[in-house]
Structures are given as structure tokens and as C-alpha cells.
Amino acid sequence: MIYSSIGYYSLIFGLIVSFPIFFYSIRNFRNEEVLDYKIITLSFTQLFLVVLSFLGLVLSFIYSDFSNETVFNNSHTTKPLFYKISGTWGNHEGSLLLWLLVLTFFIFLFLIKSKNLLKKYRILTVLFQQIIIIGFFVFLIKSSNPFNYIFPIPNEGLGLNPILQDPALAIHPPILYLGYVGSSIIFSSALAATTLNYISKTWAIHIKSWVLYSWIFLTLGILLGSIWAYYELGWGGFWFWDPVENVSLMPWLALTTLLHCILVLEKRSNLGSWAIILSIATFTLSMCGTFLVRSGILNSVHTFANDPERGLFILTFLFVLIFISLLIFFIFNKSDNQNSGSFFLLSKETSILINNWFMMYFLSVVLIGTLYPIFLDVVTSHKISIGPPFYHKLIIPFLIPFLIFMAIGSQLKWIKSGLEGKLYNVVFFLISLLISFYIIKNLDNNFLINTILIGSAFYLFLITIRDFFFKKFKSIAQNIAHFGFSLLILSILFNNFFSSELITNLKVGESFKNDRFEIIFNDLKKVQEKNYVSFEGNFSIKEKKNQDQFKPELRVYNQPNIITSEADIKTTFYTDKFITMNTVQNEEYFNIRYQIKPFMVWIWISVLLITSGGLISLFKKKYAK
Amino acid sequence: MYGRKVKLRFFFITLILFTLILSVFLVLKSLEENVVYFKSPSDIQLISEVKNKKIRVGGMVKTDSIKITSNEVKFIITDFKNEINVSYSGLIPNLFSEGKGVVAEGYLKDKSFLEASKILAKHDENYMPPEVKAALEAK
Numbered sequence: 011m012i013y014s015s016i017g018y019y020s021l022i023f024g025l026i027v028s029f030p031i032f033f034y035s036i037r038n039f040r041n042e043e044v045l046d047y048k049i050i051t052l053s054f055t056q057l058f059l060v061v062l063s064f065l066g067l068v069l070s071f072i073y074s075d076f077s078n079e080t081v082f083n084n085s086h087t088t089k090p091l092f093y094k095i096s097g098t099w100g101n102h103e104g105s106l107l108l109w110l111l112v113l114t115f116f117i118f119l120f121l122i123k124s125k126n127l128l129k130k131y132r133i134l135t136v137l138f139q140q141i142i143i144i145g146f147f148v149f150l151i152k153s154s155n156p157f158n159y160i161f162p163i164p165n166e167g168l169g170l171n172p173i174l175q176d177p178a179l180a181i182h183p184p185i186l187y188l189g190y191v192g193s194s195i196i197f198s199s200a201l202a203a204t205t206l207n208y209i210s211k212t213w214a215i216h217i218k219s220w221v222l223y224s225w226i227f228l229t230l231g232i233l234l235g236s237i238w239a240y241y242e243l244g245w246g247g248f249w250f251w252d253p254v255e256n257v258s259l260m261p262w263l264a265l266t267t268l269l270h271c272i273l274v275l276e277k278r279s280n281l282g283s284w285a286i287i288l289s290i291a292t293f294t295l296s297m298c299g300t301f302l303v304r305s306g307i308l309n310s311v312h313t314f315a316n317d318p319e320r321g322l323f324i325l326t327f328l329f330v331l332i333f334i335s336l337l338i339f340f341i342f343n344k345s346d347n348q349n350s351g352s353f354f355l356l357s358k359e360t361s362i363l364i365n366n367w368f369m370m371y372f373l374s375v376v377l378i379g380t381l382y383p384i385f386l387d388v389v390t391s392h393k394i395s396i397g398p399p400f401y402h403k404l405i406i407p408f409l410i411p412f413l414i415f416m417a418i419g420s421q422l423k424w425i426k427s428g429l430e431g432k433l434y435n436v437v438f439f440l441i442s443l444l445i446s447f448y449i450i451k452n453l454d455n456n457f458l459i460n461t462i463l464i465g466s467a468f469y470l471f472l473i474t475i476r477d478f479f480f481k482k483f484k485s486i487a488q489n490i491a492h493f494g495f496s497l498l499i500l501s502i503l504f505n506n507f508f509s510s511e512l513i514t515n516l517k518v519g520e521s522f523k524n525d526r527f528e529i530i531f532n533d534l535k536k537v538q539e540k541n542y543v544s545f546e547g548n549f550s551i552k553e554k555k556n557q558d559q560f561k562p563e564l565r566v567y568n569q570p571n572i573i574t575s576e577a578d579i580k581t582t583f584y585t586d587k588f589i590t591m592n593t594v595q596n597e598e599y600f601n602i603r604y605q606i607k608p609f610m611v612w613i614w615i616s617v618l619l620i621t622s623g624g625l626i627s628l629f630k631k632k633y634a635k
Numbered sequence: 024m025y026g027r028k029v030k031l032r033f034f035f036i037t038l039i040l041f042t043l044i045l046s047v048f049l050v051l052k053s054l055e056e057n058v059v060y061f062k063s064p065s066d067i068q069l070i071s072e073v074k075n076k077k078i079r080v081g082g083m084v085k086t087d088s089i090k091i092t093s094n095e096v097k098f099i100i101t102d103f104k105n106e107i108n109v110s111y112s113g114l115i116p117n118l119f120s121e122g123k124g125v126v127a128e129g130y131l132k133d134k135s136f137l138e139a140s141k142i143l144a145k146h147d148e149n150y151m152p153p154e155v156k157a158a159l160e161a162k
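Residue numbers (my numbering), protein chains in the order written: chain A, 11 to 635; chain B, 24 to 162.
The hints are simulated quantities; they were obtained by calculation from the structure and are not laboratory data. We treat Cβ as the ideally placed atom computed from N, Cα and C, and that holds for glycine. A hint or two may mislead.
Think about it this way: if two alpha-carbon atoms lie no more than 30 Å apart in a straight line, the pair counts; the simulated DSSO-like pairs of lysine-lysine are [as the list claims (entries may be wrong)]: (1) B:Lys76 <-> A:Lys403; (2) A:Lys344 <-> B:Lys28; (3) A:Lys536 <-> B:Lys90; (4) B:Lys141 <-> A:Lys587; (5) A:Lys423 <-> B:Lys30; (6) A:Lys277 <-> B:Lys30; (7) A:Lys552 <-> B:Lys90; (8) A:Lys555 <-> A:Lys523; (9) B:Lys30 <-> A:Lys426; (10) B:Lys28 <-> A:Lys277; (11) A:Lys48 <-> A:Lys129; (12) B:Lys85 <-> A:Lys517; (13) A:Lys123 <-> A:Lys48; (14) B:Lys52 <-> B:Lys77; (15) A:Lys587 <-> B:Lys97; (16) B:Lys123 <-> A:Lys535; (17) A:Lys523 <-> B:Lys141; (18) B:Lys132 <-> A:Lys403; (19) A:Lys211 <-> B:Lys28; (20) A:Lys561 <-> B:Lys141; (21) A:Lys426 <-> A:Lys630.
Partner residues aside, some chain B positions facing chain A, computed with beta carbon under 8 Å [to be verified]: (22) Ser46; (23) Leu49; (24) Ser53; (25) Leu54; (26) Val58; (27) Val59; (28) Phe61; (29) Ile89; (30) Thr92; (31) Asn94; (32) Val96; (33) Gly113; (34) Leu114; (35) Ile115; (36) Pro116; (37) Asn117.
Bound-form chain B, shown alone:
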């Protein structure tokens, strides 16, 4: 009924549509699984249940809170309203210090304890991650 060319074109269009839908689906699914939300210590207090999902927590490193041993570092992140304990073993960025902004990435054990797998490096002394700035301003 239709010519070979029309059929071929129809076949290609279906193929393209199909791949498009498939890739959109894949991307969305992957996004949902791999997005890491940023929270301040106060946000964490508002969470109803602790999920086993990676998050980032940002704020200031509380003064006199860094405790270091040969295999881990413990410190407290505060937004001057609420605070959260962090334990971490891994690479420590040079600018990680008390009274400075920090972002820790990892899994929440409970509402007051984060097991971090990464501390984000910053590039200069005056720099503060915008998330931290926003979190500190929000209080």
C-alpha cells in the first residue's frame, strides 16, 4: 500500500521515538537515584525518618570540636542553632579548620550523627560554599 521509502521512514521515526523515550526514562531514573540533597543541621532535625540515602551537610566546624586519631577525624557541624556530630576517615582538605565553613557528604546514622565519606575541598580562605552561606543566613 505504501512505498518502501515511506515504510523505511516510518520505521526510523518509530526507532528514534523509542530510543528517545527510553533514554529520557533512564536519565530520570538515574537522577532520582543519584541526586545528593544538601541539608543544614537544622533541616536534619525536621526530617521525619532517617533514610539510607547519601546527603550533604553544611555549616561551620564548631570551635574546639575537632578530635583526631590515627584513623579518623571527629568534629561537629553547627549552624548556630542545631549541630550534628560527624565522623570521617579520608582525605582532609587543607582548609578544613575550626570556625570555617565545611560541607560533609555521607550517610546519616541518626539525627545527630553523620558518617561522612567525603569532606569537600575549598579553594581559598574567604570562600564559603553558597549552600553554607544560605543555610547560615536562613536561621
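The shape of chain A in the complex, shown without the other chains:
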């Protein structure tokens, strides 16, 4: 109980600290001195108070203090300690407190890291960031207080949804938030830089590290969520075009576009306005994601409460932020004309710009697919859903030019590039098409487009491999990331083309046989665990001459009362074998799904490669200093 009170009052004092920060910032902004040290001290105080508040909540969870409503709703005494702690951010209130924590942490980090930059720019960034911070403080205290007191104090909590009790998912929110909230610094600083007409090479170099930080964490956060969905939800896929996935993909697309655009700004002092728009878009989309996921408009495991007041608050806040930022953009932004005449058709910046457009197109497709059903529901009250075919149809064909431009772009120089000595590109492309033709000649649907698609991915693959040898360390970061991307597309495509599955209903002791597999349901074992009962099935699967043993599990949790299935996955470098077992109520039959998913592990590896590209770029920058 004491921890809850500490948490609550720290939160209130944290909000109060915002006012002196505002006061000193404005006073300091007018004077021509250096940055007032008080601003840094106060920012640190605010960070400290929010950390204290967060620790208060964590401790309430650890000690299962059920006088705290959040703890009561989301925890249980029998839950393992690790999940008690991760339960802190596994709910609406706690996750918002985490948002706030990261917000205050980042602005403090920004202040320390930007010592040699323009004073006015630093102060304005702090001011814009404080507006966001105050918004979150008010939101937390007013409508989502994590420290609500309940009386009489219950003896036992309601428990955390068991499918959230998982190591990957326990660290998924903090990682994802580091990415989401990192974009708030980009947003604030872009606005500050616009106001001061400071969009320049210096700014680009400085903000690039923030873009990279956010991008790395966002990528990892999405990866964790995806891996979790793969093994925990038991559908055997890694991406479902579910709205909650889409809302994390949208800021990622915007951030990736921004990353490339910042490069042009850094090297060529060009595309400044575009960079500002993207900075605003990235943060807005992150906020929008939080709004859609937390307000209960989208239905998923992320949706904690259906409280219209909360949704309305975030929506209003979002509109205010968009309004302010657009206002600043239109009033202060001076179009960067000095360089816009010098865009040559054949140059690195042109290819980056073209792929920027493609990414904006992908972003729009995802945005429409996510928002259209909500829009239609509000306007006509028709309930619809938009499935994967929509996205596949609109995105896949455009991946072809996208991949080709990615490959060509890296071969071109900045400013102006010639065609001399580029013949190998044509050769590589033809080789890729041949390889692709050879691989999928046995598939008969959409043969032409698939050949070209896999061909383009192979083309990028070969070109990046060539660059590893020819360019050595010159652009290693970009090379690894692009290589990872080609690998990602290839693994996704092969995974898609060569997956096979078998679904059947079996009783214990029965077997099922088709022309490829034979599944035998040997027995079922019951084991009592700490907070659930486990039913472990034992299956033999024969394919040709191989025989595998699988032990998928069903877990019946008592608090709350939920059944989850734990897939049994056998992973090798070539393929994943994946089996899940589900119950059918009051029946002796079990629903068995067996899947063979080739190159599954390469999807994760390639995303890690893409991320490591970002990491290398970050460290290279440090090293260059």
C-alpha cells in the first residue's frame, strides 16, 4: 500500500515539475546565454519522480498488493515472479506509465547528448517534449490512474491472461515502446528545428542517431511480437495483417522512410521539408497506434479496457498535436530551394526518393486497410473486415520495382551517376530470373509474377553479396540491412510457396494417414503445475522413412480460467515442423494441426540482420567521431 502511495504522489509531483521547466525554458530562451543548468536538473528530477512512481507500481506487483486496483485486475499470488514484474506493463495503466517513463528518460538523454548544438533548438525541443509529457501525465492521473485504491482489500487478484505469460511477450512492450517513444524526440526536435529554420546537415547528423535508436527498437519490438504470435497463438504464421500488427508496421514504415530521407539531408542538404513531414508522421502514427490499441476500437489481446473517455482523451490529444505541428510546419518552414534543381535522374538520391514513394504507398495501403473498417462502422454501421488478400494484392506487385531500385540505388553515386561499367547489373538480373524460374517451375499459379518477384529478390540478394566483396566496409551497414531485407523477402516467399499442413480431429490412440504423412496420437499425460494443469499429448508423425515425436501441450489455467495450447516446434535451418493440439468442448476428439514451414527461422534471422545494419550504422557514427 505504501508503494502505491509513493507511486501516486511521485506522479503528481512529476507533473508539477513540468511548470518550472516551462518557466525556466521560456526565460532562458529569451536570454542569449548558454543553456540554463536548472533545465537539466529539473528534467532529471522529473525523470527520477517518474522512475519512483514506476518502481512503486512494480513493487506493488511484486508484493501482490491487492489494495491497488491495477494489481488486483492483473496479478495473482501464484504467478511466477518474472510475470508479476512483466504484469506491470501488461495492462493499460502500467503501459502508459511506461510510456511516460520513456518520454522523460529520452528528453533527459537528449539534453545530455546535444551539448554542442544550438541553445534555442535544445530549449524548444524540451518545450515540445514537455507538451507531450504533460499530456501523458494528465491522462494517467485523470483517467488511467495505475494507483487506484480499492476497499475492502481483496485476498486474491484476477490474474494475468495466460497467453501473455511468456518471456518474449514480457519484454515485447518495453522494447516496442523504446521505439515508439523514441519517435517523440524526433517529432519535438523536428518541430524545434523547423521553427528556428535549423533543418540542416548538422541537424540531420544529430537526429540520425535518434532515428536509428527508435528504428532498431521498433524493429526488435515487432520481431518479438511476431515470434510470440508464431509459437503461442498456434496459427503457425508470423504476420496476419491484424489491425494491431498494422499499427506497429505503419510507424515502422514511416521511420524507415525517414531514415533514408535523413541520409539525403545529411549528404546533399536536400529533402528537408520531406524529413519534417515524416518526423511528424512517425510520431503521429505511434500515438495513433496507442490510441487504436488501447481505446478498445481494435479487438485483440492488447485491448485492456473499453473506456470511451480514455479513447476520447487520446484522440483529442492526438488532434491537438497534429494541429500544432502542421501549423508550425506551414508557418515556419521555408522551402529548401537552394538545391532542388540539382536532382539528376540517375543518382543515389533519386533512387532513395523513388523508394520513399513506394514506402509511402505501402503505408497508405496499410492505413486504409486498418482504418476503412472503423470508418465504415462509424458512418454506415456496416461491419466488415479486410483480410490478407487485400494487402497481398496491393503490396506484392509493387515489391518488384521496390527491390530493383534498392539494388540499383546502392550501385549509384550521389549527385550524378553514369552508366559506365554497370553491365554486370543486367547479367545479375538475368541470372536471378533463371534461378527463380528453376526454383518455382513446378508451381503453376501466377507463374509470371512469382518468377519476376523471386527474381528481383534474388537480384538484390546477389548485388548485396557482390557489394560485400567489392565495397568492403564502405557501406557495410546499408549492405547488411539490404541483404537482410532480400533474405527476408525470399524466406517469406519460400515459406509461403512450400508450406504444407494437415488438420484432423483425433481421439487418443487413433491415427490418421494421407498420401504424405501419418499421424499417430499415442497418449495424453496430465501434469499439475504451479498455476495450471498441463495435458501433454504424445504424437508420432511418419513422413516417408522419417519418424518424429511431438509433445504439444494444452494448459488449463485456473486464474483466470483459460485454456491455451503450447505448440511443439522442431526447428532446423531448413524447415520448422509445428504441431498444435486443441480441445473441443465435451468431446473426446482433439483438433490436431501439423504444419511444415520451410525457412521459418530465416525470417527471424533476416530481421535480426536488418536490425544489425542499424546497429552498425550507429556504432560507425560513434567511431567516426
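Position chain B relative to chain A; hints supplied.
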């Protein structure tokens, strides 16, 4: 008559406009083809003709209606006013049970029979898809 720069700019603007129109057209067309409408069993009774288009049907699984064999599951979705027979072979979510809300996606064979290709998984025992809730409240 006009300078090279103006011509170039004009060319770019046309290009952008053209791609914009093209992509808007593509998106709209794809939307029209791939939207899946949600219906309650009562809504289905009102349909004038059965189209070969994917739909989602939501409601409650009728008590004592689940029949399971080694390769398919049959059950009845009801909104307590009208009902529809569903046959399904595929992955069954853990929380699929009698007396609970369900959403089945598939093709209508006629007004009283749906061949489902997907049953939607839910995340906890108290959760009911909002479509189902709305459909049940609407009656």
C-alpha cells in the same frame, strides 16, 4: 517557349498525378473485392440471393449442436431468432464451445448453410466479438 526546368517540373507533376490516380483506383478496386462483410443469422435471412462471396457470420454456438468427426466439425450458429448450420474443417480455437460467441468465415451454400474456412480465435473466456454483441443486441 518554356524553359527546360518548367517542362521538367510539369512532367513530374503529371507523373505524380497519374500514379496517384492509378494507386487510388487500385486500392478501391481491391477493397471492393476483398472486403468481408459481417452478418448475423437474421441478416442472412434477409439476403435476396446467395452470392459467391466470402462472409463472416457471428452469434452463439447453439447448445448441443456441435458434432465432430475425424475430418470436420458441424455446429449451429444462432442469434436466438434465426440460426444457420456450419460445417468446418480446420483449426479449432480453444475457446470454441457451446453457448459461447463465435465468428465463422466462409462461403454461403444457401440461406441455412455456411461452409466455413476459418473460425476466429478469441483471447479470453469473457470476451465476445463486438460484432456478435451488436448482432445479439440488435434482435
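task: May I ask which of the numbered hints given earlier this structure violates, with the numbers listed in increasing order?
output: none
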